[in-house]
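Undergrad: Same order as they appear, the protein sequences are chains A and B. Counting with this note's numbering, you get residues 1 to 244 for the letters of the first sequence. Counting with this note's numbering, you get residues 1001 to 1250 for the letters of the second sequence.
Derived by calculation from the structure, the hints in this document are not laboratory data.
Here are the simulated lysine to any residue pairs, SDA-like style, with alpha carbons at most 20 Å apart: (1) B:Lys1023 x B:Gln1215; (2) B:Lys1045 x A:Tyr209; (3) A:Lys28 x B:Lys1114; (4) A:Lys14 x B:Arg1073; (5) A:Lys22 x B:Leu1103; (6) A:Lys24 x B:Ser1110; (7) B:Lys1045 x B:Ile1074; (8) B:Lys1045 x A:Glu114; (9) B:Lys1078 x A:Arg19; (10) A:Lys28 x B:Phe1106; (11) B:Lys1078 x A:Glu21; (12) A:Lys28 x B:Ser1092; (13) A:Lys24 x B:Met1105; (14) A:Lys28 x B:Leu1103; (15) B:Lys1078 x A:Asp117; (16) A:Lys14 x B:Leu1050; (17) A:Lys24 x B:Met1109.
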Amino acid sequence: MFFTYFGRYLLLLKAVFRRPEKWKIYWKEIIHEMNEIGVGSLGLVAIISTFVGAVMTMQIAFQLVSDLIPNSVIGQINRDSSILELSPTITALVLAGKVGSSISSQIGSMRVTEQIDALEIMGINAPGYLILPKILAGITMIPALVIISIFLALTGGLLGGSLSGAVTPEDYINGITDGFRGYTVAVALVKAFVFGFIITTVSAFKGFYVRGGALEVGQASTRGVVISCITILVADYIVTALML
Amino acid sequence: MIEIQNIHKSFGDNHVLRGIDAKFEAGKISLIIGGSGSGKSTLLKCMVGLHAPEQGKVLYQGEDFTRMDFETRIPIRKEIGMLFQNSALFDSMTVEQNIIFPLEMFTEMSRSEKIDRANFCLERVNLVGNNKLYPAELSGGMKKRVGIARAISMSPKYLFVDEPNSGLDPETAIVIDELIAELTEEYQCTTVVVTHDMNSVMGIGNYILFLHQGQKWWEGSNKEITHSDLEELNNFVFASPFMKVAKERF
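Just chain A, same shape as in the assembly (with noise of 0.2 Å):
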């Protein structure tokens, strides 16, 4: 079963990568997405790493209770857990429920609505249009969605800790700034763009394949983020693995 599903995924994405019928027409369609998947995204990714970040440097705070360690290793603990792992992997899983869901949905219900066999008839390569400037959106927009979550958990760690008390912001700014390694922010890349490729090619795999009405679209939505999250959990842990 898994092995057939695979297959049929492997197949959606050769014909994906298929040589597009009118560039201009795609690029329209990219500008698009990256608007409906970046631009849109910006507000709830925004919220949630703002408090992220300020808890995350309250529990830190609350965990090291030594005289020994410096304050500065708060800010630290904050900044590599952000870039590493908590900025790509939590908008990751919250993108893979708003984008994935919005994609799945939308190529299903053109799929029960007979607009993708309309599409085919008329010899345009309905996964290319379809899915493609998706594709390409999420390649680029998500990565561009983590530096903006690693900055503003960086920047509510600052904000959380020193409204609280936690930690004095000059040592949570030393903290941060302090053996700081751009390799990290690679990984945290590295991450984002599997993750952006995963979002929308599981998404509208799930959505191009469904069969029967509204019942049948919601579920395959339904699934189609649920393996997602499982597919980047899985991911994340390799990618980890292999880069780190």
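Put chain B on the given structure of chain A with help from the hints.
TA: Positioned in the frame of chain A, the structure of chain B alone reads:
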């Protein structure tokens, strides 16, 4: 001309089409009729390449469509126009955008030429001035007409129509039938219509193919259909009280 030879199609254990042969000529309206589950929509989908038949051939001007890959099918697909049962309009696009979409994809027309073509197609289906409406703002009959306008935007050589009158009132259904007949005459296209509407059969059917249990049971013209002795065909054609009365009178 389109020719189908020995078409077989199954879904699991359900053998839907069992060796169908037929010829659909250019400039004529061919109707595929039959009861629910007789395989008429499946046959249409095999003809346009949405289903792959397990056996048999679909020949467009002698070229075997079933053996072609995606790329080689494109030139034929550009010559196909199709009206779907539920119109299948792109709901994120306006009426005008729906009509010019195939032109944008496959032609190098300028923006004004595309708009002119869209206006011409809308005029042809009596929907002038509705360019900026979205499909959700249209009635069922208007959606069908926009579907037809989109189907003819590329001046098709082959026109496929799936249940054109489903969900329409009798008056609008006649308008759609007449439009299909006019366009077939105008473009001299090979028109294939799947229907179970007897008004369409009697009104526009130049050639009628009757399917029963996935097989071809009868073929002929609308002049011949009322004189057939075939029990299954008579049960289908004269199922309604109106048609029974009409048969007795004439």
